[in-house]
Amino acid sequence: MNITQLPYIKDVYGFLGSDVMSGLVGLLIIAALVPLNVAFLVLVERKVAGHIQLRPGPMEVGPHGILQTLIDAVKLLGKEMVTPSSTDKLLYWLSPIIVVAPAFVGFIPLPFSPLVQIKDVNVGFLLIFSFSSIGVISILMGGWASNNKYSLIGAVRSVAQNVAYEIPLLLATMPIILMTNTFKLGEIAQAQAQSGLWFIFYQPIAAIIFFIATTAETNRAPFDLVEGESELVSGFHTEYTGMRFSLFFLAEYTNMVIAAALFTTFFLGGWHGPVLPGAVWFFAKTYFLLFVVMWIRWTYPRIRFDQLMNFAWKILIPIALVNLFITAIVLKVL
Amino acid sequence: MNTNPYGFNQYIKDILVGGKSLVVGLWITFKRLCTRIVTVQYPRQKLTMTANFRGHIEAIRFDDTKSHHCVACGLCARTCPSHVIKVQGEKARAGDKKVGTRYYIDFSKCSLCGLCVDVCPEQTITFSKEYELVYYSRWDTVIDIMGRLEGSR
Chain A
16 MNITQLPYIK
26 DVYGFLGSDV
36 MSGLVGLLII
46 AALVPLNVAF
56 LVLVERKVAG
66 HIQLRPGPME
76 VGPHGILQTL
86 IDAVKLLGKE
96 MVTPSSTDKL
106 LYWLSPIIVV
116 APAFVGFIPL
126 PFSPLVQIKD
136 VNVGFLLIFS
146 FSSIGVISIL
156 MGGWASNNKY
166 SLIGAVRSVA
176 QNVAYEIPLL
186 LATMPIILMT
196 NTFKLGEIAQ
206 AQAQSGLWFI
216 FYQPIAAIIF
226 FIATTAETNR
236 APFDLVEGES
246 ELVSGFHTEY
256 TGMRFSLFFL
266 AEYTNMVIAA
276 ALFTTFFLGG
286 WHGPVLPGAV
296 WFFAKTYFLL
306 FVVMWIRWTY
316 PRIRFDQLMN
326 FAWKILIPIA
336 LVNLFITAIV
346 LKVL
Chain B
183 MNTNPYGFNQ
193 YIKDILVGGK
203 SLVVGLWITF
213 KRLCTRIVTV
223 QYPRQKLTMT
233 ANFRGHIEAI
243 RFDDTKSHHC
253 VACGLCARTC
263 PSHVIKVQGE
273 KARAGDKKVG
283 TRYYIDFSKC
293 SLCGLCVDVC
303 PEQTITFSKE
313 YELVYYSRWD
323 TVIDIMGRLE
333 GSR
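Heads up: the protein sequence lines correspond to chains A and B, in order. Here the first sequence is numbered in the numbering used here, starting from 16 and rising by one per residue. Here the second sequence is numbered in the numbering used here, starting from 183 and rising by one per residue.
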């Protein structure tokens with residue numbers, strides 16, 4: 016007997032299918048997943064860094080150091096949250112809270128598999144990009160409120176960098192939107208799963224530009240001028256201690272995850288793949304991209320600020336525009 | 183052919199050459215990622231020192247006496263430029279050879295010049311392979327050479 020034929024089941028359990036309920040459950044899962052995922056990623060980062068430099072990385076806490084970041088989190092929780100005397104108290108307090116919010120919101124439209132998706136919002140990736148801009152505001156707030164020259168320089172750099180790299184980022188996603196005629200991330204993944212050809216084969220240049228621009232948007236090396244520790248101590252979070260500092264850290268790594276997941280959705284076919292279930296493929300692709308980001312961080316030196324700006328305005332934006340133009344012409348003619 | 187350094191050909195060439203160098207760099211670090219680690223996990227693993235490593239001095243145990251050959255002549259103490267060495271000996275009976283019984287060095291002042299090792303007529307002093315030289319006080323740097331020899335038996 017089919018369970019959905021029971022008459023009362025919808026009356027009793029119908030609320031489970033509602034948007035509010037799925038959103039609530041999804042946010043709870045995200046709230047549990049995000050910190051653990053960040054702890055895991057920090058460990059992976061340290062391991063990758065270690066092995067690239069021919070050393071083992073963390074080895075002491077747990078077998079091969081797998082509990083190292085959990086212990087680090089406990090240490091950070093136990094630390095005093097110092098507020099320097101000359102700061103702008105409200106903004107200083109607010110900044111680490113605001114920086115985390117967009118990182119959580121970014122997970123809502125991500126299609127982990129055809130079934131596992133909190134809500135296929137019809138503005139899809141625009142939602143993620145607009146919320147990720149809030150992260151920049153909170154970095155500026157934190158840098159300004161710290162009343163520290165290094166924090167302020169780091170925050171100003173962050174704003175300039177994010178403004179410059181959001182343009183090629185959007186220009187690189189536009190060909191995908193032209194090809195699929197939708198903003199919904201689930202439908203973009205679906206389009207690739209149906210044809211079986213991932214968009215990275217149609218749009219290799221857009222994929223490379225998207226990857227570079229997301230690396231810059233998430234302030235990762237070689238674009239980590241925001242926290243260039245050799246010249247700015249540690250950039251906008253110089254004055255932050257304890258859990259406030261780790262919230263910035265949490266946001267950075269979660270933004271990395273979202274960027275990698277977006278790349279997977281746009282260019283690597285999302286959950287499309289043989290044999291294994293969709294969510295497994297999605298996470299495999301995402302973590303591979305995260306590995307590439309870490310690999311890049313430990314390969315290239317940090318670029319200078321004028322190089323950063325020249326790279327965005329002189330190389331990425333013109334090429335992305337030409338790519339978009341050619342895509343539009345080809346789609347119109349065909 | 184356009185050879186203008188700001189020309190379009192140069193622009194394309196810069197991108198291609200730069201992109202290639204980035205890939206080469208990534209390939210180098212990937213090979214390093216797959217290489218065995220080279221660091222020594224110090225408290226768990228220890229290195230064996232090379233033959234000419236200079237730790238603080240120590241007495242050599244010889245097979246014929248099962249002990250050192252020190253005769254407490256005091257040459258090492260007198261030749262030491264830093265006055266690091268204190269050596270005492272005693273004769274068990276009148277007419278016996280003198281035998282070294284106490285031998286202390288203040289390692290905090292030692293410059294490891296090796297004059298004591300060179301000057302020793304019995305050649306019973308050599309450099310040890312000791313490299314874990316962490317002490318809680320200056321007094322701990324005073325090393326009992328004879329006691330070390332007894333303790334290592």
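Calculated from the structure, these hints are not laboratory results. Each residue gets a CB set at the ideal place from its N, CA and C atoms; glycine is no exception. Do not rely on the hints blindly, as some may be mistaken.
Said to hold, decoys possible - In silico contact screen, one side only, chain A against chain B (beta carbon under 7 angstroms); selected entries:
1. H66
2. L69
3. P71
4. K199
5. T314
6. I318
As the list claims (entries may be wrong) - Which chain B residues stay away from chain A? Per the calculated CB distances, all over 12 angstroms, these:
7. N186
8. D196
9. I197
10. C216
11. Q223
12. E272
13. C292
14. F309
15. S310
So is C216(B) really clear of chain A, every C-beta pair being over 12 angstroms apart? 8 angstroms, violated
Beyond 12 angstroms on every Cβ pair: is that true for C292(B) relative to chain A? 33 angstroms, holds
Per the CB criterion, is L69(A) less than 7 angstroms away from chain B? Nearest chain B Cβ about 5 angstroms off; hint holds.
If I take the minimum Cβ distance from E272(B) to any residue of chain A, is it greater than 12 angstroms? 50 angstroms, holds
For the hint on P71(A), does the least C-beta distance to chain B fall short of 7 angstroms? Since chain B brings a Cβ to about 5 angstroms from P71(A), closer than 7 angstroms, the hint holds.
Taking the minimum C-beta separation from N186(B) to chain A, is that value above 12 angstroms? Correct as stated: the minimum Cβ-Cβ distance to chain A is 16 angstroms, above 12 angstroms.
Using 7 angstroms as the Cβ threshold, decide whether H66(A) counts as touching chain B. 5 angstroms, holds
Confirm or reject the statement that D196(B) sits farther than 12 angstroms, beta carbon to beta carbon, from all of chain A. For D196(B), whose nearest Cβ neighbour in chain A is about 9 angstroms away, the distance does not exceed 12 angstroms, so it is violated.
Any CB of chain B closer than 7 angstroms to the CB of K199(A)? At 33 angstroms from the nearest chain B Cβ, K199(A) fails the 7 angstroms test, so the hint is violated.
Minimum Cβ-Cβ distance from I197(B) to chain A exceeds 12 angstroms: 6 angstroms, violated
Interface hint outcome for I318(A) [beta carbon to chain B under 7 angstroms]: 11 angstroms, violated
Classify the label on S310(B) as holds or violated, using whether its beta-carbon is more than 12 angstroms from each beta-carbon of chain A. 29 angstroms, holds
Hints 4, 6, 8, 9, 10 and 11 from the earlier list are contradicted by this structure; the remaining hints agree with it.
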